[in-house]
Amino acid sequence: MDDPVQAALRAMPRSGFLHPADRSRAADDAPIQIGHGQTCSQPSTVCAMLGLLQVCPGDRVLDIGSGSGWTTALLAHLAGPAGTVVGLELEPDLFRWGRANLERSGLEAATIRQAQPGVLGSPDDDPWDRILVSAGARSVPQTLVEQLAEGGRLVIPVVGWMTLVERSGGHVRTSRHGPYRFVPLR
Numbered sequence: 002m003d004d005p006v007q008a009a010l011r012a013m014p015r016s017g018f019l020h021p022a023d024r025s026r027a028a029d030d031a032p033i034q035i036g037h038g039q040t041c042s043q044p045s046t047v048c049a050m051l052g053l054l055q056v057c058p059g060d061r062v063l064d065i066g067s068g069s070g071w072t073t074a075l076l077a078h079l080a081g082p083a084g085t086v087v088g089l090e091l092e093p094d095l096f097r098w099g100r101a102n103l104e105r106s107g108l109e110a111a112t113i114r115q116a117q118p119g120v121l122g123s124p125d126d127d128p129w130d131r132i133l134v135s136a137g138a139r140s141v142p143q144t145l146v147e148q149l150a151e152g153g154r155l156v157i158p159v160v161g162w163m164t165l166v167e168r169s170g171g172h173v174r175t176s177r178h179g180p181y182r183f184v185p186l187r
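In the working numbering, the protein residues as written are 2 to 187.
Heads up, a few of these hints could be off.
Stated by the list, open to error - The following label-pair restraints were derived from C-beta to C-beta distances: (1) Val173 - Ser25: 41 to 49 Å; (2) Glu167 - Ala12: 23 to 31 Å; (3) Val120 - Ser25: 31 to 39 Å; (4) His37 - Glu104: 18 to 26 Å.
Calculated directly from the structure, the hints in this document are not laboratory data. Every value quoted in this text rests on a predicted model; they were computed, and no experiment measured them. Glycine residues also receive a C-beta, built at the ideal position from the N, C-alpha and C atoms.
Just need the whole structure built from these sequences, with the hints factored in.
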């Protein structure tokens, strides 16, 4: 059986979410600058994050720090047509560019919105089955844990460690999964 993350990577090539001058480097396993101090994460990091997130068809997914729109598209492919994926991007130029990239991908169950300064996540739209954060935090944000549905999963880099937060049976369990470097969450 085909690995869903690998299938998503084939269906949504990174090259379509990079600036034209950088598209020849899309297969490089390295972050690529996309402007405003942000990057399109390297494929192996994205694979690790999506593997931990375990998106299922029909999931409601929040993508914080959507940047170029690539992870939003990958998440939409994983959640399928019955799912809902919302990407949030704080930087206005990246929001517009990422939204245009996502629109070209043809995924109708996904959208990218301008993130609101001072609001982490999308609490008016919760609960979320899955939340992916592509920026490093100093600690696990309680506001995001509160936005998780029962059985939900949050993947976020915390103080240099990829962190998985699982909400189940009224309990929250946190585990660390290797060191990673990300731009700071703001």
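Could you tell me whether the CB distance from Val173 to Ser25 stays inside 41 to 49 Å?
holds, 43 Å
So the hint says 23 to 31 Å: do the beta-carbon atoms of Glu167 and Ala12 match that?
Holds: the Cβ-Cβ distance is about 27 Å, inside 23 to 31 Å.
Outcome for the supplied range 18 to 26 Å, where the beta carbon pair is His37 and Glu104:
Check passed, 20 Å falls within 18 to 26 Å.
Val120 versus Ser25 beta-carbon gap, inside 31 to 39 Å or not
Because 37 Å falls inside the window, the suggested range holds.
Comparing the model with each earlier hint shows no violations; every hint is respected.
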